[in-house]
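**Q** Sequence:
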Amino acid sequence: MAPLRAAAFVCALIHTMAPLRAAAFVCAPSGVRDTISLRSTRLVAPQYHRRVAAVDPVTMSLADRSTAAQVDPLSTAPVQHVASSQEYHQLLALNPDKLVVFKWHAPYCRACKAMDLKFRRLALERRDVVFADINVARAVDLKRAHGVAVIPAIHMHAGHLGQVEAFACGPSSAPLLRARVDRYADVSAYVACAQDSLAAKLAAFSAGVAGRLAIPAEPLPPPRQQQQRSAPQQQQQQRAERRSLENLAAMVS
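Mapping of the sequence shown onto mature numbering (1 follows the signal peptide of the UniProt record, and there is no 0): residues -22 to -1, 1 to 231, in sequence order.
Honestly, I wouldn't trust all of these hints.
DSS-like mimics (lysine-lysine), calculated; alpha carbons at most 27 angstroms apart, straight line [what the hints assert, rightly or not]:
| id | residue 1 | residue 2 |
| --- | --- | --- |
| 1 | Lys121 | Lys76 |
| 2 | Lys121 | Lys91 |
| 3 | Lys96 | Lys76 |
Rather than coming from a laboratory, the hints here were simulated on the basis of the structure.
Construct all of the structure, not just a fragment, from the sequences and the given hints.
**A** Written out as structure tokens, the structure is:
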């Protein structure tokens, strides 16, 4: 019976010690518990290996093209910046046979910002015309010299003809700007058309003046005949003058 009692005692002791082990595990230091828990349950974060694949050169070129396509074309518009009177006259001297369009603006003007988009779009369409902008906040002397009182404003110079247009031009006046650019873009053609128009106006004026003049029914006699007809009258006038002189002399004597 002794062995049986010993075995029963050992089993009872094991069942009694089990809760104590669990309590000791719970009450163990945090560092030890976390370490054991992580190692026993294998909660270590998995390490992901990033895969790197080679990119086809064709794919890279397509990517570059797409990036280039996303660039705003208005930012590449051929619009020059003028900041001084020297740059102003130099630009005109370099383009003696072209139409030069100046846009006067300011950074604090909302209408100027809206007009700038349409101005740049027109510059992209008309490569035969020179476009430039002038910031009145920086070019104060240039603004005073040209008498700019309203912005945005447009000044147009048609080659050797000089300034042909000067008007205030907001976003709503963009069609007017386009029409004026179309009119003066070809300076030589505009000069020829202006000369023909002037000749036609002079001819019409001459015809109108001639129509208003009274045309005599009979042609005027030549100058010699007029002198022959007026000779007797001259003789009578001379006789009358002589008589008046004789009478005056008689009265004096």
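**Q** If you check each hint against the structure, which ones fail?
**A** The structure conflicts with no hint, since it agrees with every one listed earlier.
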